[in-house]
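Quick note: the sequence shown uses our numbering, first residue 21, plus one each step.
Think of the hints as simulated: they come from the structure by calculation, not from any bench.
Treat the numbers as computed from the prediction; the structure is a model and nothing was measured.
The beta-carbon is built from N, C-alpha and C at its ideal position, and this holds for glycine as well.
Check the hints yourself; a few may be wrong.
[To be verified] Within a straight-line C-alpha distance of at most 30 Å, the following computed BS3-like cross-link-like pairs (lysine-lysine) qualify:
no.	residue 1	residue 2
1	Lys249	Lys339
2	Lys152	Lys211
3	Lys185	Lys339
4	Lys287	Lys249
5	Lys152	Lys287
6	Lys287	Lys185
7	Lys211	Lys185
8	Lys185	Lys152
9	Lys211	Lys349
10	Lys339	Lys349
[What the hints assert, rightly or not] Taking CB as the label site, the calculated pair distances span:
no.	residue 1	residue 2	range
11	Ile258	Pro51	41 to 47 Å
12	Gln294	Glu39	43 to 49 Å
13	Ala50	Lys339	27 to 33 Å
14	Ile258	Arg55	35 to 41 Å
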Amino acid sequence: MNGGGLAPETRTHLIRGCERIVGPEGVISAPDERRVYECDALTFYHRVMPDLVVLPTSTQHVADVVRLCREAGVPFLPRGAGTGLSGGATPDAGGVMIVLTRMNRILDIDVASRTATVEAGFINLWLTNAVKRHGLFYAPDPASQQACSIGGNVAENAGGPHCLKYGVTTNHVLGAKVVLPDGEVLQLGGKIQDRPGYDLLGVFVGSEGTLGICTEVTVRLMPQPEAVKTLLAVFRTIEEASNAVSGIIARGIIPVAMEMLDREIIKAVEANVQAGYPLDAGAVLLIELDGPRAEIEAEAVGVEATCREYRCLELRVAKTEEERALLWKGRKEAAGSVGRIT
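Required output: the full structure, derived from the provided sequences and hints.
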């Protein structure tokens with residue numbers, strides 16, 4: 021579906037203005053090139069092509085483009101990597117799309133305070149890779165972790181499998197630089213926690229760009245756990261797997277992650293990535309524990325006992341990091357495998 025259809029003179033004015041701000045290489049106006057921005061990862065729903073795509077490289081660029089759109093009376097919206105499923109990065113009726121993928125630098129890593137500041141287009145997994153040598157990691161891990169941007173995570177308040185223990189994006193964002201709808205640049209929060217005043221940062225996280233455009237983010241980093249144990253529990257039915265989930269929580273055990281996949285998703289995943297999930301299972305639970313080694317060994321005994329209590333057919337434990345990564349690859353690729361379901 022085409023965009024809102026700007027008047028020719030307005031379109032020309034915007035193209036020239038945006039080219040002055042970000043350079044000709046940062047403006048996409050050809051229909052064929054704009055088409056890739058008409059949807060997010062949910063490709064079969066709500067396809068609307070923006071009238072113009074702009075790729076800034078600085079907060080000042082974003083502010084200047086916003087002011088230009090405001091003066092012209094043209095709607096605008098931000099977009100990160102476009103990996104979301106909620107339509108937050110897609111236009112309703114054309115307008116100017118401000119894509120932040122070229123703003124992808126690390127601005128600061130403070131090991132002492134366990135914080136990092138990155139531009140909004142920085143990829144989620146890149147952050148954990150960048151701080152791994154310091155014994156740290158960034159906890160929110162959406163399924164699209166290898167491709168999604170930190171700015172997009174902030175806009176959507178993204179979570180991921182490990183949010184069960186560590187929480188979602190809002191629990192890890194300490195500060196953000198944002199461009200308001202009038203082009204004003206505002207710094208919300210920062211490295212220092214528990215600042216006085218209203219929690220405007222908390223309001224901003226999850227607002228899907230409706231309150232402004234996030235250009236820089238300061239996040240909390242976590243120390244890498246001493247040990248990690250990943251288990252795959254196989255069940256005959258979804259009901260039995262669900263009862264096991266309730267039983268584990270009732271024991272007072274909070275895994276770092278606990279994900280369920282049903283038979284149809286298992287088949288789709290195995291056809292796609294061969295993660296080793298049993299095709300005859302009615303459901304599987306992917307359970308991960310982390311923390312001090314003695315603690316997770318004790319918790320693993322409780323998890324196994326609970327799964328057996330609820331008729332677990334098989335319980336596998338990942339013995340190597342490669343086995344763990346393969347089990348999680350299946351879960352991370354689940355959404356992308358749905359197209360194989362017939």
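### Task
Run the structure past the numbered hints and jot down the numbers of the failing ones, going up.
Hint check: 5, 9 and 13 fail, others pass.
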